[in-house]
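> Below, each chain spelled out in residue letters.
2 protein chains.
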Amino acid sequence: MYIAMNRFQVIRGKETEFEAIWRSRDKHLAEVFGFIDFHLLKGPKEEGYTLYASHTVWSNYDSFEAWTKSDAFRKAHANAGKYKSVYLGHPNFEGFETVEGM
Amino acid sequence: MYIAMNRFQVIRGKETEFEAIWRSRDKHLAEVFGFIDFHLLKGPKEEGYTLYASHTVWSNYDSFEAWTKSDAFRKAHANAGKYKSVYLGHPNFEGFETVEGM
Numbered sequence: 000m001y002i003a004m005n006r007f008q009v010i011r012g013k014e015t016e017f018e019a020i021w022r023s024r025d026k027h028l029a030e031v032f033g034f035i036d037f038h039l040l041k042g043p044k045e046e047g048y049t050l051y052a053s054h055t056v057w058s059n060y061d062s063f064e065a066w067t068k069s070d071a072f073r074k075a076h077a078n079a080g081k082y083k084s085v086y087l088g089h090p091n092f093e094g095f096e097t098v099e100g101m
Numbered sequence: 000m001y002i003a004m005n006r007f008q009v010i011r012g013k014e015t016e017f018e019a020i021w022r023s024r025d026k027h028l029a030e031v032f033g034f035i036d037f038h039l040l041k042g043p044k045e046e047g048y049t050l051y052a053s054h055t056v057w058s059n060y061d062s063f064e065a066w067t068k069s070d071a072f073r074k075a076h077a078n079a080g081k082y083k084s085v086y087l088g089h090p091n092f093e094g095f096e097t098v099e100g101m
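Going line by line, the protein sequences match chains A and B. The opening position of the first sequence corresponds to residue 0 in numbering that gives the first Met the number 0, with each subsequent residue numbered one higher. The opening position of the second sequence corresponds to residue 0 in numbering that gives the first Met the number 0, with each subsequent residue numbered one higher.
By construction, these hints were calculated from the structure, which means they are not laboratory data. Be a bit skeptical, because a hint or two may be false.
Unchecked claim - Part of the chain B face toward chain A, derived, beta carbon under 8 Å:
(1) I10
(2) E16
(3) E18
(4) I20
(5) W21
(6) E30
(7) V31
(8) G33
(9) I35
(10) E46
(11) G47
(12) Y48
(13) A71
(14) F72
(15) G94
(16) G100
As the structure is a prediction and not an experimental result, all values here were calculated from the model. All C-beta atoms, glycine included, are put in the ideal place defined by N, C-alpha and C.
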């Protein structure tokens with residue numbers, strides 16, 4: 000299992016707008032090989048921003064990597080630059096491999 | 000759904016030791032009300048450390064909070080201070096609520 004998380008610092012007061020952007024976004028994921036599930040997560044409030052994270056579970060790293068090179072990925076990110084006004088800085092990507100689980 | 004993540008900065012070279020500690024640890028989770036699943040995750044290598052995260056999925060925040068006040072929690076963390084030599088600094092807790100998903 001591989002978990003791809005992108006961390007977003009959303010400016011305080013812009014949370015509703017940010018969530019609406021994600022709700023209306025066509026993520027082009029459902030049919031992708033190796034895709035397990037996607038959630039948008041709301042994390043702690045910090046000084047000046049609220050932490051959000053996209054959280055996508057893949058069967059393994061190779062499925063994730065193949066998706067990043069696909070048309071589905073390109074389509075899902077076509078408008079990504081359009082909404083810069085809700086963020087502090089760039090999103091911060093972190094990928095995680097499963098070590099053990101129950 | 001609520002995801003509780005604890006982020007650990009594991010000193011480079013101590014990864015195997017850190018993973019062994021977690022593999023042998025009795026987590027006292029399986030029988031806890033609202034517990035969905037647990038994974039130990041290995042994230043990116045950074046300057047001087049490798050990021051790891053414990054990743055526990057709960058049915059909701061209230062289940063997680065009840066667990067933090069339980070005997071099961073106390074037992075699971077009884078030895079937590081014993082292995083400080085593998086970490087840079089303290090673990091950093093982040094809790095996430097689901098906003099939307101597919």
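> Against this structure, judge whether each hint is valid.
We went through each hint and held it up to the structure:
| no. | hint | result |
| --- | --- | --- |
| 1 | I10 | 16 Å, violated |
| 2 | E16 | 13 Å, violated |
| 3 | E18 | 6 Å, holds |
| 4 | I20 | 11 Å, violated |
| 5 | W21 | 7 Å, holds |
| 6 | E30 | 12 Å, violated |
| 7 | V31 | 12 Å, violated |
| 8 | G33 | 15 Å, violated |
| 9 | I35 | 11 Å, violated |
| 10 | E46 | 15 Å, violated |
| 11 | G47 | 17 Å, violated |
| 12 | Y48 | 13 Å, violated |
| 13 | A71 | 14 Å, violated |
| 14 | F72 | 16 Å, violated |
| 15 | G94 | 7 Å, holds |
| 16 | G100 | 4 Å, holds |
Of the numbered hints stated above, those contradicted by the structure are hints 1, 2, 4, 6, 7, 8, 9, 10, 11, 12, 13, 14, listed in ascending order.
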